[in-house]
Amino acid sequence: IAHMPRLDLGATSRIVLHLIDKLQASYQDLEDLHVFTDRFYTNLDLAKALHDMKINITSTIMTNRKGLPEEIRSKKKNKAGKLKLKKGDIKSFRKEDKYNVPLW
128 IAHMPRLDLG
138 ATSRIVLHLI
148 DKLQASYQDL
158 EDLHVFTDRF
168 YTNLDLAKAL
178 HDMKINITST
188 IMTNRKGLPE
198 EIRSKKKNKA
208 GKLKLKKGDI
218 KSFRKEDKYN
228 VPLW
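The sequence shown stops at residue 231 when you use this note's numbering, and every number in between is there.
One or more of the hints may lead you astray.
To be verified - Think about it this way: if two alpha-carbon atoms lie no more than 25 Å apart in a straight line, the pair counts; the simulated PhoX-like pairs of lysine-lysine are:
1) K218 <-> K193
2) K181 <-> K193
3) K149 <-> K175
4) K181 <-> K218
5) K181 <-> K149
6) K175 <-> K218
7) K175 <-> K193
Claimed, not checked - Pairwise CB distance ranges (calculated):
8) P196 <-> T139: 19 to 27 Å
9) K181 <-> I142: 40 to 48 Å
10) T185 <-> D156: 14 to 22 Å
By construction, these hints were calculated from the structure, which means they are not laboratory data. Because the structure is a prediction, the values reported are computed rather than measured. By construction, the Cβ of each residue, glycine as well, lies at the ideal position given by its N, Cα and C atoms.
Using the sequences and the hints given, assemble the complete structure.
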């Protein structure tokens with residue numbers, strides 16, 4: 128984990144990385160760590176940064192986040208009520224029931 132601030136990432140992503148940095152100071156090896164965040168902190172850039180660090184993330188994500196595929200952004204329901212996407216090694220699942228809930 129880089130100890131320098133990632134100025135290329137937004138403030139919420141840097142908060143998550145800062146907390147992971149604190150964990151690493153205590154536990155050293157964080158490979159295969161799994162982080163859970165809420166939609167306020169989640170974006171595709173954070174998912175990519177964590178993936179590069181071999182850290183998994185599970186979260187809901189706001190559909191207006193920059194870089195999301197149109198299939199996730201769309202409010203239109205599909206017949207099955209769910210949608211799976213894969214972008215490289217990053218997978219997305221969208222469950223549509225009463226509310227649209229996109230997950231990363």
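Quiz item: Which of the numbered hints above does this structure break?
Solution: 9
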